[in-house]
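Using UniProt numbering, the letters of the sequence shown correspond one by one to residues 1 to 292.
Since the hints were made in silico from the structure, they are not lab data. Among the hints, erroneous ones may be present.
[Stated by the list, open to error] Using C-beta positions, here's what the derived DEER-type ranges look like:
| hint | residue 1 | residue 2 | range |
| --- | --- | --- | --- |
| 1 | Ala67 | Trp256 | 36 to 42 Å |
| 2 | Gln122 | Glu152 | 30 to 36 Å |
| 3 | Gln68 | Pro237 | 19 to 25 Å |
Beta carbons are placed, not taken as given, at the ideal position from N, Cα and C, and that holds for glycine.
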Amino acid sequence: MTDIILQSAKPEKAPNPVLTALRRNRLSWVGIGLLLLIVLAAVFAPMIAPYDPLKQNIVHRLSAPSAQFWLGTDSFGRDVASRLLYGARISLAIGFLSVMIAMVVGSALGILAGYIGGLFDQIVMGLVDVTLSFPTLLLGLMVAAMLGASFENLIIAIAITETAPFARVARGPTIAVKRRDFIDAGKSLGFTPIRIMGVHILPNILSDIVVVASLWMASAIRTEASLAFIGLGVAPPTATWGAMIREGFENILSAWWLVVFPSLAILLTVLALNLLGDALRDAIDPKTRNER
Numbered sequence: 001m002t003d004i005i006l007q008s009a010k011p012e013k014a015p016n017p018v019l020t021a022l023r024r025n026r027l028s029w030v031g032i033g034l035l036l037l038i039v040l041a042a043v044f045a046p047m048i049a050p051y052d053p054l055k056q057n058i059v060h061r062l063s064a065p066s067a068q069f070w071l072g073t074d075s076f077g078r079d080v081a082s083r084l085l086y087g088a089r090i091s092l093a094i095g096f097l098s099v100m101i102a103m104v105v106g107s108a109l110g111i112l113a114g115y116i117g118g119l120f121d122q123i124v125m126g127l128v129d130v131t132l133s134f135p136t137l138l139l140g141l142m143v144a145a146m147l148g149a150s151f152e153n154l155i156i157a158i159a160i161t162e163t164a165p166f167a168r169v170a171r172g173p174t175i176a177v178k179r180r181d182f183i184d185a186g187k188s189l190g191f192t193p194i195r196i197m198g199v200h201i202l203p204n205i206l207s208d209i210v211v212v213a214s215l216w217m218a219s220a221i222r223t224e225a226s227l228a229f230i231g232l233g234v235a236p237p238t239a240t241w242g243a244m245i246r247e248g249f250e251n252i253l254s255a256w257w258l259v260v261f262p263s264l265a266i267l268l269t270v271l272a273l274n275l276l277g278d279a280l281r282d283a284i285d286p287k288t289r290n291e292r
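Assemble the whole structure, with the sequences as input and the hints as a guide.
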């Protein structure tokens, strides 16, 4: 007797609609490529930079861009290209770390407020509304002035200014998710609130948080540059993009490259992050995805 083995065909995995939407969005690839290029330049700055970013050479001070000095030199004879590459490491690190802190703290507060509700929700959202009533730069200026100028304090100052948006974004979806049947099922099975919020609610709202993080990282880099420009950034001679603009501003008419190249670096980084954030938002939001 012949044994007949029936093998069911393995169903094809349905394509992820978010990834599909990202692949179709050409601007998202522009943002990803540009951001990847900037990050790689920052990571490999010690290998790419032609000179020591702190080495002074008065003989070549305020030299225009040339074959020897690609982007010119500053008033101390330091190579602008090298300082731009090393400055990217500080500026990107401040932007990334401040957003990560704001995302963790703000999302936790938003999830707790949305899940617990009641008086706790009112207190948290009241604080969020007060924080959001201040312009980001003004709030960052006040916090940075109180803490003092340093790498760590700048991260804390920017993180404080960006915590409120994450709390607001996390709270709304949390309220919607906690009303779904699987949350009630988890409660009936004796799941703790921490488990429900961390295992069942957070994964369902994580996409919204990631989109906000990409957009607010651009804001963090702008805020860092603004604070550094007015003297509340990382202490010199450490290079950051904002500090380079401040140092070159007094010679802007005779040495334009001191301001133009750091400003261009900030512009391209913010543009890349905004393109990526907009693409993620359009890919995740079904309404905007269906309109394309």
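Tell me the numbers of any earlier hints that the structure contravenes, in ascending order. 1
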